[in-house]
Amino acid sequence: MDSRRDALDGGAMTHIRIANVSKFFGATCALSDVSLEVKSGSILALLGENGAGKSTLIKILSGIYPPDAGRIELDGQPAHFKSLPEAIAAGVVLVPQELRVAGALSVAENMLLGYLPSRRVAGLLPCVDARAMKESARAILGDLDVNIDVDARARDLTFAERQLVVIGRALGHKTRILILDEPTASLERRETERLFTVLRRLRNQGVTIIYISHRLEEVDILADECAVLRDGRLAAMSSAPFERNDLIHAMTGRELDLQAGGARSAGDVRVSVSLPGGALTCRQGEVIGLGGLLGSGATELLRRLFGVRSGRPGERNSEYPRDVPAAIENGVGFVPGERALSLVMALSVRDNIVLPHISAFCTASGRDEQKITAAVVRLMTLLDIRPHNPDMPVRGLSGGNQQKVVFAKWLAGRLDLLLLDEPTNGVDIAAKAHIHRYIADFASSGGAVILSSSDMPELLGLSDCVVALRQGRVVGRVSRDNTYGEASLRALLETAV
Amino acid sequence: MSFLGRWRTNVVNQIPALVLVAMCVASTLMSDRFLSSTNITNVLLQAAVLAVISVGMTFVVIGGGFDLSVGSIVGLSGCVAAEVMLRAGIFAGVVSGIATGAAVGLANGLVIARANVSPFIATLGSMVFVRGLALLMTKGAPVVGDDGLPAGFIWFGTARLFGIPWPVLAAIFIFAIFAWVLHKTAFGTRVFATGGSREAAFLSGVPVRRVTLLVYVICGITAGIAGVMLAARLQSGQPTAGEFYELTAIAAVVLGGAALHGGEGYLYKTMIGVLIMTVLTNSLNLMGVDSYWQRIAIGVVIVAAAAADQLRAKVN
Numbered sequence: 012m013d014s015r016r017d018a019l020d021g022g023a024m025t026h027i028r029i030a031n032v033s034k035f036f037g038a039t040c041a042l043s044d045v046s047l048e049v050k051s052g053s054i055l056a057l058l059g060e061n062g063a064g065k066s067t068l069i070k071i072l073s074g075i076y077p078p079d080a081g082r083i084e085l086d087g088q089p090a091h092f093k094s095l096p097e098a099i100a101a102g103v104v105l106v107p108q109e110l111r112v113a114g115a116l117s118v119a120e121n122m123l124l125g126y127l128p129s130r131r132v133a134g135l136l137p138c139v140d141a142r143a144m145k146e147s148a149r150a151i152l153g154d155l156d157v158n159i160d161v162d163a164r165a166r167d168l169t170f171a172e173r174q175l176v177v178i179g180r181a182l183g184h185k186t187r188i189l190i191l192d193e194p195t196a197s198l199e200r201r202e203t204e205r206l207f208t209v210l211r212r213l214r215n216q217g218v219t220i221i222y223i224s225h226r227l228e229e230v231d232i233l234a235d236e237c238a239v240l241r242d243g244r245l246a247a248m249s250s251a252p253f254e255r256n257d258l259i260h261a262m263t264g265r266e267l268d269l270q271a272g273g274a275r276s277a278g279d280v281r282v283s284v285s286l287p288g289g290a291l292t293c294r295q296g297e298v299i300g301l302g303g304l305l306g307s308g309a310t311e312l313l314r315r316l317f318g319v320r321s322g323r324p325g326e327r328n329s330e331y332p333r334d335v336p337a338a339i340e341n342g343v344g345f346v347p348g349e350r351a352l353s354l355v356m357a358l359s360v361r362d363n364i365v366l367p368h369i370s371a372f373c374t375a376s377g378r379d380e381q382k383i384t385a386a387v388v389r390l391m392t393l394l395d396i397r398p399h400n401p402d403m404p405v406r407g408l409s410g411g412n413q414q415k416v417v418f419a420k421w422l423a424g425r426l427d428l429l430l431l432d433e434p435t436n437g438v439d440i441a442a443k444a445h446i447h448r449y450i451a452d453f454a455s456s457g458g459a460v461i462l463s464s465s466d467m468p469e470l471l472g473l474s475d476c477v478v479a480l481r482q483g484r485v486v487g488r489v490s491r492d493n494t495y496g497e498a499s500l501r502a503l504l505e506t507a508v
Numbered sequence: 508m509s510f511l512g513r514w515r516t517n518v519v520n521q522i523p524a525l526v527l528v529a530m531c532v533a534s535t536l537m538s539d540r541f542l543s544s545t546n547i548t549n550v551l552l553q554a555a556v557l558a559v560i561s562v563g564m565t566f567v568v569i570g571g572g573f574d575l576s577v578g579s580i581v582g583l584s585g586c587v588a589a590e591v592m593l594r595a596g597i598f599a600g601v602v603s604g605i606a607t608g609a610a611v612g613l614a615n616g617l618v619i620a621r622a623n624v625s626p627f628i629a630t631l632g633s634m635v636f637v638r639g640l641a642l643l644m645t646k647g648a649p650v651v652g653d654d655g656l657p658a659g660f661i662w663f664g665t666a667r668l669f670g671i672p673w674p675v676l677a678a679i680f681i682f683a684i685f686a687w688v689l690h691k692t693a694f695g696t697r698v699f700a701t702g703g704s705r706e707a708a709f710l711s712g713v714p715v716r717r718v719t720l721l722v723y724v725i726c727g728i729t730a731g732i733a734g735v736m737l738a739a740r741l742q743s744g745q746p747t748a749g750e751f752y753e754l755t756a757i758a759a760v761v762l763g764g765a766a767l768h769g770g771e772g773y774l775y776k777t778m779i780g781v782l783i784m785t786v787l788t789n790s791l792n793l794m795g796v797d798s799y800w801q802r803i804a805i806g807v808v809i810v811a812a813a814a815a816d817q818l819r820a821k822v823n
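Residue numbers (our numbering), protein chains in the order written: chain A, 12 to 508; chain B, 508 to 823.
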């Protein structure tokens, strides 16, 4: 038959075909009539803002949700998995954002958990064949050209190494399709590069990869195809090379000015602490960036500036606040890198916003609900938090809106020093632009900001001066003069001590 | 959300109340004595002690913890109250009974909040320890004194106001106060935040250790009050009083729909859970069901309620 000959000759057989897939949650339409095809052995980047339907789509592909309408075919065969294990058995494996590894087990055990090789002791008692297990694990990691000790406990690995273990686990399953949900969100640059090398190698071995990301620059260097979802619909589909502005337009439905900033002048010193290698000083109306690679100590420094004590001896120091309530009282706000650390997910938007300053919203007869409502409605309008329902639990909001709630929390009381740790981690482009504008406005109005970010364009774009940190030491400074830029910051961070 | 979806969510959220109504209707149909005023009063009287314990347990559970020691506190505080009362009068007895509960709660709270021992282990230990203390103090015998406990104290356990027994009024009063604390004060919001996410609460300026400590103190106080109330009803301090109350109270809290992982719940719903447990026992008694079978039925109800809670979580 001709069609069959075509498939064999052409070599470009379609691996995944998603046809007219729709999904509803209650009356909310999460995916509407989405159709797309991914060729065997290619990398598809799936883009879209928070709530665009990316997660729903990959959950349908990997068997977590059934679609309400439409078909999914793998190599022309219908593929409607009823559960995650069923999808894995068929070679479709999801690497979620939050990795599931058994911390107490070894790397080898984690990788081969589902099909541990066994042997019989004295021809009778079945037991795990540890040697065969380690050999298989080593072989898989060797294929990936990754150097991780297979005997190490999973809990001792870095996040990036765990991710590679999870990918290695997937490969043990004869994976045909590997789906990664924002794999680079918590990685630093070198780790990202190593991950990309691994993904390219897998693609060349014929694995089809679907990859979700918010970072457009990564899409440029990694993906062969790119699909953009917006409001549950396929908004654009294109092949490399990609036109960045077109992608942004497809994602947001409008053009965005990603540059933040405005004229501002530095005032009095708001905070000054001495660190090994130099002082860190931040004035009113100034944004100080903290640049560093993983383990730079920036997170620890921000936490100490917020009054969090590590419990180590000798850290009593009058330069830092006594404790968290004292810092808040003194007008300090902190946005941690993980939203799970900054919001109580089960609590309403309203209660999350007033939590840091709750005493100020109470009278002798208890919470002053009228005053709370007035403040919450004002802040939700100011920051454009959607949906505009203060009584909704925060976990029901998209990532970008959750992050706006974190900012709203600190605005509910006095705020003149804002400590930011990866403030746009996992936030979509439109919300990111909002947050950047907000940070710049806050500094223009006289607020002091100390910002740590692994996103270099963000760090350099927002800061007046970037302090380079390595293991809690100040190793240099990049100020806004003619050398200001990524190259000089990288030079400071990456040169040997 | 569509009208139907919202309606469904509302119905699922009210499952405990619907179960209670259904149980009352079924009991009425099966026994003509159920709706008699004697029986209703009896149900409320039985519910009163459990209700007071469950108030404190709700604080602990919403705060992300667990307290197995409340049954033993009921026993010890009743004995302490009776013992002190015989020597120093009613007022001193009642105060020292409640203070006993507060002291055990404080110890629980310190071990859990300061020494970071898991609530399950810490309160399992104090459950056994405190029961031992009660038995040791009384040498295993009820505390009644030579002429019985003071008449005023016994009067509290039996007298009524407008037909409502005093213990029931006391339970309603305690419920009202603590419902205000939990749902209307800054402290209450901090309890929800601590149970919902300790780390996020801490980084929002909530003194999480103090909040954890205080919820166990509250739980100890309410268990102490319940112990004194029970002693008044039993007209003696019984060292074995309150056995299994910890399990019944936890069951009542869960039946009321509070999440066992903390951060979610309503005090009034716990009261519905308390009434479900009490009405269940009462109607099984009225129907003459064998007490061994009663235990089996209660066990089934607890598991079924937990399963219904999962359904609720899914719909929400």
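Quick caveat, the hints were computed from the structure, so don't treat them as lab data.
Hints may contain errors.
[Claimed, not checked] Capping the alpha-carbon separation at 35 angstroms, the derived lysine-lysine pairs in DSBU-like fashion look like this:
(1) A:Lys382 with B:Lys776
(2) A:Lys145 with A:Lys93
(3) A:Lys70 with A:Lys93
(4) A:Lys382 with B:Lys691
[To be verified] Non-contacting residues of chain B with respect to chain A, defined by C-beta distances greater than 10 angstroms in every case (computed):
(5) Ala693
(6) Ala766
(7) Ala811
[As the list claims (entries may be wrong)] Sample of chain A residues facing chain B (criterion: CB under 10 angstroms; computed from the structure):
(8) Lys185
(9) Val319
(10) Tyr331
(11) Asp334
(12) Ala338
(13) Gly342
(14) Ala351
(15) Met467
Keep in mind the model is a prediction, meaning the values are calculated, not measured.
Where is the CB? At the ideal position from N, CA and C, for every residue including glycine.
Checklist entry - Measuring from the C-beta of A:Tyr331 to each C-beta in chain B, is the shortest one below 10 angstroms? => result violated (15 angstroms)
Checklist entry - Is the straight-line distance between the alpha-carbon of A:Lys382 and that of B:Lys691 35 angstroms or less? => result Since the Cα atoms of A:Lys382 and B:Lys691 sit roughly 13 angstroms apart, the hinted pair holds (cutoff 35 angstroms).
Item to check | Distance rule for B:Ala693, whose beta carbon must clear each one in chain A by more than 10 angstroms | outcome: violated (4 angstroms)
Next on the checklist: Tell me if the straight-line CA distance from A:Lys145 to A:Lys93 falls inside 35 angstroms.
Outcome noted: holds (32 angstroms)
Checklist entry - Going by Cβ atoms only, is A:Ala351 closer than 10 angstroms to chain B? => result With a minimum Cβ separation of about 7 angstroms from chain B (threshold 10 angstroms), the hint on A:Ala351 holds.
Checklist entry - Against chain B, with CB atoms and a cut of 10 angstroms, does the hint on A:Asp334 hold up? => result holds (8 angstroms)
Next on the checklist: Given a cut of 10 angstroms on the nearest C-beta pair, is the interface hint for A:Gly342 held or broken against chain B?
Outcome noted: violated (12 angstroms)
Item to check | chain B contact restraint for A:Val319 - C-beta distance below 10 angstroms | outcome: Because about 8 angstroms separates A:Val319 from the closest Cβ in chain B, which is inside the 10 angstroms limit, the hint holds.
Checklist entry - How about A:Met467: closest beta carbon in chain B under 10 angstroms, or not? => result Given a least distance of 26 angstroms, the restraint on A:Met467 is violated.
Item to check | Per-residue hint verdict: A:Ala338, partner chain B, C-beta under 10 angstroms | outcome: Holds, because the Cβ-Cβ distance from A:Ala338 to chain B comes to roughly 8 angstroms (cut-off 10 angstroms).
Checklist entry - Taken at face value, is the distance from the CA of A:Lys93 to the CA of A:Lys70 at most 35 angstroms? => result Judged against 35 angstroms, a Cα distance of about 11 angstroms means the pair holds.
Checklist entry - Is it correct that the beta-carbon of B:Ala766 has no partner in chain A closer than or equal to 10 angstroms? => result Nearest chain A Cβ is 7 angstroms from B:Ala766, so the label is violated.
Consistency note: the structure conflicts with the earlier hints numbered 5, 6, 8, 10, 13 and 15.
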